[in-house]
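Novice: For reference, the chains in residue letters:
2 protein chains.
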Amino acid sequence: MSEYIEHDKNGVSVGLVEKQYFTFAEDPHHPLVLESGASLGPVTLAYEIFGKLSPEKDNVILVLHALSGDSHVAGYYHADDSKPGWWDIMVGPGKGIDTDTYFVICANILGSCMGSTGPASVDPKTGRPYGLSFPLVTIGDMVEAQRILLDHLGIDKILCAVGGSIGGMQVLEWCVRYPDRVVSAIPLATTTRHSALAIAFNEVARQAIMADPDWNSGDYYTGKKPVHGLAVARMVGHITYLSDESMRLKFGRRLQNKADFSFNFDADFQVESYLRYQGNKFVERFDANSFLYITKAADYYDLEKQHGDGSAVAAFSKTRAKFLVVSFTSDWLYPTYQSRSVVKAMKKTGLDVSFCEIESQWGHDAFLLPNERLSALVKGFLERVRREAIP
Amino acid sequence: MSEYIEHDKNGVSVGLVEKQYFTFAEDPHHPLVLESGASLGPVTLAYEIFGKLSPEKDNVILVLHALSGDSHVAGYYHADDSKPGWWDIMVGPGKGIDTDTYFVICANILGSCMGSTGPASVDPKTGRPYGLSFPLVTIGDMVEAQRILLDHLGIDKILCAVGGSIGGMQVLEWCVRYPDRVVSAIPLATTTRHSALAIAFNEVARQAIMADPDWNSGDYYTGKKPVHGLAVARMVGHITYLSDESMRLKFGRRLQNKADFSFNFDADFQVESYLRYQGNKFVERFDANSFLYITKAADYYDLEKQHGDGSAVAAFSKTRAKFLVVSFTSDWLYPTYQSRSVVKAMKKTGLDVSFCEIESQWGHDAFLLPNERLSALVKGFLERVRREAIP
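Just so you know, the sequences run in chain order A and B.
Okay, so the first sequence: first residue is -3 according to my numbering, each after it adds one.
Okay, so the second sequence: first residue is -3 according to my numbering, each after it adds one.
Just so you know, not all the hints are guaranteed correct.
Note that identical chains are pooled: a pair holds if it fits in a single copy or bridges any two copies.
What the hints assert, rightly or not - Computed cross-link-like contacts, BS3-like style, restricted to lysine-lysine with a CA-CA straight-line distance of at most 30 Å:
{"no.": "1", "residue 1": "K221", "residue 2": "K340"}
{"no.": "2", "residue 1": "K277", "residue 2": "K221"}
{"no.": "3", "residue 1": "K254", "residue 2": "K340"}
{"no.": "4", "residue 1": "K5", "residue 2": "K221"}
{"no.": "5", "residue 1": "K301", "residue 2": "K246"}
{"no.": "6", "residue 1": "K121", "residue 2": "K277"}
Hints are computed from structural coordinates only; laboratory data are not their basis.
Start from the sequences and build out the full structure, keeping to the hints where you can.
Specialist: Written as structure tokens, this is what we have:
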């Protein structure tokens, strides 16, 4: 392990990690039955673990990732990797989620394309990638698959489930679905159900993919991929992850070439070339169908409807977890008012809830960026729930 | 003229109107020289007039339209038209812009596709539609073409230039470009220069069009049109015209089919089917290349840079117009803070400025919707400037 890895700019790294795989529902007679009623099997989850499981198995932190995330939360696969995992600033020795103390698990979500079963996986029945014959999966289905993985790992209790955005929805779902297994939870920059605005953005992104003729009704795995549509979809996403203010600070009206306008349709402004770059980079690593499936799962998610017959209070009365709810001032995808209403409902049921709205210019993306306040909050909350959990 | 037309739900209509055409720069030796340095000719502007020009020619209101607008501000082309012009709620007998008092002119902007010369027009040099060989036009070029039209109509003074969004940019441009010709101005829901966020939305919309293989580098006039790309572009636009709140009120999470989710990629939510409908409707009436050209013109617009060497105060010192600046609380495309900074700069130069932020849930679109407060404001402002303009 190189010096670089042990002391990179994010602090001490958890070091080298390995992606692992767990497959279940291999028996066609015992598939995973999804919320839609459809069956799926076999199901593979790619996952990674960080830190050491305590003998009492009471130090488990389950990290739940967002739309385009993966199991690679922290550390490096190889000593010469240029970048660590996506939340390396938070997970590692001495960090907000201290891997010297906690045992961290993260699995790639069902429906994704980063090692877990999704529409790009081969359907054993046909020997070809599922494409659109892959059944729609829900946030509940993702959590169900994670629960089966934890059973397999012999882990009963989660000290804390933590995640942002779509990861935060999984956090909430875990709490109400398995109240006996979740001691505490940190939903970050998330909501119990998408607003019309959030659905609208997802729908436009999906339409961009489906408008690409190379999408070919989802059957593109042997030919050209719908890279243009997926790039546009990602650009839409990137706008929602930032904010008016962050874009002004990051780009303003700065030109790509300082001279003057091109007077054609090249990228004149830096913000244009940033979006094009993000779009083009994304298509190299992400599957267009997975984008469709995961955004649809997020749009469908409705904790109130599913667990409380329309009432958030009724839904949260099903959990006993302690909560740290965090929102960010400039997040307009999941604005603070949504977190406040979550917190209000939690408090009404008598739950132990802390709420923090963090001042940030960086929009929805803020939860992924270095933030000392967030790291300190998470660290303090975990220390408290661990202390209080010791019998 | 039917009873319906005279007293429709918008109040008394201005009645039947006719689209007219004015062509200039027909002599190849005297083309319209654009801000980019390129030349264009001949240039046709489609325009409509409403009300009567006073003998003193002192009652002219110039209405400037936004991205997808046209010259058809009010009234009907035919007695059996199902819908009047786009601002019929504001322009007509007894309305905010009273056609019993004022002579209203509106021309389709240069670069558009609703009768004026744009990329879909035939290039006389080749006998084929311009496509991308059409030169980029700017907000300044649009105003220049309008100025030539007014000269042709024998109109020297504009009592008031009024318009929202990109129309508001033209309003501001008129004021600083022709200070002797503009007595007053009402820029609505607009800005002197796009924020990075506004550019980002436009760029994603453009990318959606250009990603459509039927776009064919802009050369699609004899074949299939890039309807999928343009529909996605329009959907992006529609999100920006609304607001989180208006979408919640208009759609919330209501389902298209009340039963339950489709568990496929159909439009489950009403907001999805609204966006699809808007996208599909738009492609029937609008040219994809015009969308590219006009959004680029809007992104390029920078009043401060072009007229004030970076200073809004310096730019506005070039006009003597009286201003009524209007913004809307929920407009996040051109937020109120941008109008406030415009007003601040205007006041610093000693201009006569009224500013009003109108409470509205309807986002950027608010300026196009029935709003008694807005109508009353416009009416009162016009009465005052007319009174004060009488020597």
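Novice: Confirm or reject each hint.
Specialist: Results for each hint:
1. Taking the closest pair of Cα atoms, K221 and K340 never come within 30 Å of each other, the shortest separation being 45 Å inside a single copy and 51 Å across copies.
2. In this assembly of identical chains, the alpha carbons of K277 and K221 lie at most 30 Å apart whether taken from the same copy (14 Å) or from different copies (28 Å).
3. Within a single copy, K254 and K340 get their C-alpha atoms only as close as 50 Å, which misses the 30 Å cut-off; across copies the closest is 29 Å, which meets it.
4. Taking identical chains as interchangeable, the C-alpha atoms of K5 and K221 are never at most 30 Å apart, the minima being 36 Å within one chain and 50 Å between chains.
5. In this assembly of identical chains, K301 and K246 lie within 30 Å of each other by CA distance solely across copies; the values are 20 Å between and 39 Å within a copy.
6. With identical chains, the CA atoms of K121 and K277 are never at most 30 Å apart, being 33 Å at best within one copy and 41 Å at best between copies.
Violation of the numbered hints given earlier is confined to hints 1, 4, 6; the remaining hints are satisfied by the structure.
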